[in-house]
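Following the hints, position chain B against chain A.
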Amino acid sequence: MKTVLGYYKKYIPFVCIILLVLFGQVMCELLLPTYMSDIIDNGIVAGDMDHIKHVGLIMIGVAFAAVVFSVTGSLFASMTAAKSARNIRKALFTKVTSFSRAEIERFSAASLITRSTNDVQMIQQATVMCLRMMIFAPIMGIGAVFMALKTSVSLSWTVGLALICVCGLMVFSFVAIFPRFKKMQEKLDRVNLIMKERLSGTLVVRAFRTEAFEQERFDKANVDLTKLYIFVNKCLSFLLPTMTLIMSGVGILIIWVGAHLIDAHQLMIGDLLAYLQYAMHVIMSFMFVTMIFVMIPRAAVSAKRVGEVIDTAVSIEDPEHPMQLPDTSDLSAELRGKIEFIDVAFAYPDAEENALEDISFVAEPGKTTAIIGGTGCGKSTLINLIPRFYDAAQGQVLVDGVDVRQLRQTDLRQRIGLVPQKGTLFSGTIESNLLYGDADATEEELELAAEIAQATGFINEKPDGFDTEIAQGGSNVSGGQKQRLCIARALVRKPEILIFDDSFSALDFATDKALRRALRQKATGSTFIIVAQRINTIMDADQIIVLENGRIAGKGTHKELMEQCSIYNEIARSQLSKEELERGRA
Amino acid sequence: MAKEAGERKKAPRMGGRAAQMMPGEKARDFKGTIIKLFSYLKPYKFAVCFVFFAAILSTVFAIVSPTILGMATDEVVKGVMGSGIDYRKLLEILLILAAMYLASWLFAVIQSWIMSIVSQRVIYTLRDAMSKKLDRLPLKYFDRVPYGEVQSRMINDIETINQTLTATITQMISAIVTLVGILVMMVRISALMTGVTLLVIPASMGVIKVVVSKSQKHFNNQQSFLGKVNGHVEEMYSGHDIVKAFNREEMSEEVFDEYNEALCDAGWKSQFLSGLMMPLTQFIGNLAYVVVCFLGGYLALNGRISIGQIQAFIQYVRSFNQPVQQVANIANQLQSTAAAAERVFELLDEEEEVDLDKEPEVVLDPGQVQGRVTFDHVRFGYKENEPVITDFSFEARPGQRIAIVGPTGAGKTTIVKLLMRFYELDGGRILVDGHDIKTLSRTNLRELFGMVLQETWLNSGTIKENIMYGKTDATNEEIIEAAKAAHAHRFIRTLPNGYRMKINEEATNISAGQKQLLTIARAFLEDAPILIFDEATSSVDTRTEKQIQSAMAKLMSDRTSFIIAHRLSTIKDADFILVMNEGNIIEHGKHEELLAQRGFYAELYNSQFAE
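So the sequence lines, in the order shown, correspond to chains A and B.
Taking the working numbering, the leading residue of the first sequence gets 1, the next gets one more, and so forth.
Taking the working numbering, the leading residue of the second sequence gets 587, the next gets one more, and so forth.
Bound conformation, chain A alone (with noise of 0.2 Å):
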């Protein structure tokens, strides 16, 4: 809440000049009762038409001066609700980008759009709110009183007995009806997740048959919801009624009342029509002002959530003298890109158990280092430590000789191309998203990345080539076309190592086989480590790595981890018959 609060403070004087303004309008507006009361004392009953002439065109000034200060007043806070909406977003936005995956794990991806999005609009249709009405009403309500007061003290009793009923009227409501608004609104939810199951389980409820179960549900939480509505729309309908007759019981008991004050000359007939304006003047800026305290908690909720990523602390940061990676060239091949963990131990944050454990290993560049097993092993947990998306806890990890953590971030980011596991693309063209690669790549260069990933095949066939659109999420392109296009990106960016996530798991055998073949011969010098549950896909590798609850359970090549690695045998011989694998070792 504070966090956000400090995004207003560049604003304190467009909020000054809104005070101001508003005071203006108020004035204007409270001016005008008292005129009328002129009018008629002093022109009407007093037989005066120059007086009404006059008084009349002083009016019309003054109501004129009231719109032009509402006006100023709306531009100043739309101004100041818009800008610091934009300031208020963009640290967001910029806080979200420098966090590293673990602070994204811990709000959630989801959780962060939802913040940076609707919790931020939220906050700017209550800066407007607020500066118009939370510092209007209370100004009106105040000067209301005050003109109430100098016009007749005798009458006041019955604007006070108004405000006791009104107040009553609000408590019924914040105890009977709003309550219900957030069950209402749980109930609706229910409504629709069965709605949404239902959708997307359509073919799972025929082949079970159990429509009628699912009707039974669905008209259960229906009825629920219905009999809240309908109970909360029975006592909505009693309050805006019983407010309107509370102000017109008002208007009677001021006559009643006044009209013994003019009997005894203590009050004039247009005083008393100007006082009845006053009260409903005060009467209306106190419902504005519980109006107010209801919308004051939803937003101090936006607030609270968008200022708790704000204040987040980034785990990882560039190291204050960042040390420099020796220049590619300078280096021979058979350093470029080699990765070194040395007794690399890691837990997620809150975690009991360690996911990786003892992990020693040197990946050598040129040769293709692959790492097995089961879901949930830890293989990804290990590679996620090289561009530095964890830190380890024990242990280091080496990049060309260097403690990745005494690198700048961008620095040791620039020489690894890796392809995640879901086949992350961004919206625009095929072109932009392999440009993402690397912004300076050649036509040619974007066609041999492509061709290497067994992607020209496809891109070819699609009207537009290159220039083919891609939606938001890839979702116009098929899972295996995204993994391919992923690998191109890596492959435009010519990196001194490549990391592939299960990076082939959607590609069919043959398109799997002929872009190893093609990575072995095009994508020399780079050290590669793949990740992957088929056992085809790294059965040729130099070394593979076999992962079992987080430490490493074999090393070696394919040949001898079957005569030594008992897990890795097993695996093997469950996704391969044994002529497979003698074929596959021959």
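Derived by calculation from the structure, the hints in this document are not laboratory data.
Heads up, the beta-carbon is just placed ideally off N, CA and C, and yes, glycines get one too.
Quick list of the computed label-pair ranges, beta carbon to beta carbon: (1) A/Gly465 with B/Tyr733: 27 to 35 Å; (2) A/Glu317 with B/Val793: 52 to 60 Å; (3) A/Lys9 with B/Leu784: 44 to 52 Å; (4) A/Ile164 with B/Asp843: 48 to 56 Å; (5) B/Arg730 with A/Ser566: 47 to 55 Å; (6) B/Val770 with A/Ser156: 32 to 40 Å.
Structure of chain B alone, referenced to chain A:
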């Protein structure tokens, strides 16, 4: 944080009031849709008539009261000018006034009370009808219309109707009655003053129109930039790793800045312009107010009207703007209601599956079914003129294991979908134990099949509820036994609350492999005579798969089963293999036969390990 994904759908609308003023989407057949929507009110016609009646009465009382209040004022004025106030008369007038206020209040409450019940019942009925319709739509419909759209009709459109149905109907009545009533009352006080005030309406309408058309542009801009900002945020956050890995933080921020700046610009402009509306119309209202005071003063001096009448007139003028704006609002609301209702009715009128309510000619007892499945010259295509299967004949004998293989997207599941009659054939027949599946009821037919699908659909109930989905009367022992057979028992026991653990909305609290095991347990429990496994083990690791396969083998013994897989090693032992490519069955036979053919299957098979 799974629930936050849900929150995102409730995006707040920008600039509430401005949004209401903007003409929304329009229904294609406005009149027809509205008539249809109103036909849902038919069961409540008496209630609705009463509501109309009450709304009119409430409004009439509300309109008359300022005049009476004016009479009270006049009584006071008369007293001041003359011989003192006649308190008896004043009290009489005030009591009448109080009675009118009370009557207006009472009718308003009753009207709104009844209407809220009626409209909620209508919404309930609509929701119920949609839910029932879901079960009657052919799957072909879902090929044509994406889930998201159906969902939007069932959720957003219904919500739109819900929010407008109550308000529009009664507001429309009271707005119109108010307009007419006020006009009558004003003319009764002074035709001249009324004439002058009426000039205000076109002026204020003109102002509204100008402001709306000016702000429309910025409002649209704001929406489009908001979409761009949100889209960029979504994309960058979910692709965070890639942005980092490729050092593109700066680029991403540059794009963001550009959109954010544009959004800010359009945002304050549209906000400001729509904020102009109120002060401007108010100013015009105030202008009218001054004119009334001025003119009224003049007329009062001539003794043509009284002070009380001026006071009443001012009140009328003040409340005149409101219904004018309301009518404009309601017109827009009705438009969007009609558009939403039209989409809802479109879904409700959608063509249903054939023979849904036909009496079945044959009823098969799952316990007695042998499991002979025959495809007899089957022809089928998802779309007209695009046949996927042309003249396919084949017989699976009881107890046989049939494998369907082929690359991704080859249409392997089509066969299964035809078998369970999710789709209608274009020609030929499918027979189970010699009976055409068309002669069975769908429920009876599907009872014969147990299936494990590629997509592991679970509902947000407990683990136990999900396992017993196919057999709702299963005992605890049966459930545990099925879980054990599917190798799910052990992991279930390690979960918090075990079998009673609730699966959350996105089913993220158990892993993909675990989900798959649950769906297998579900099929085990169902114990159907014919089995279908559609890539059933694709998301479990290969060692677990091996274990499950042994369990599956147990289940499949002496039952006809269909297995779809792309890991060829898993289906080699099948009695019969159907090879599919690009939607067609291109080869079939036993493993060895197919290898000997040296065709597509052989190539597919060899490619997986040969160099």
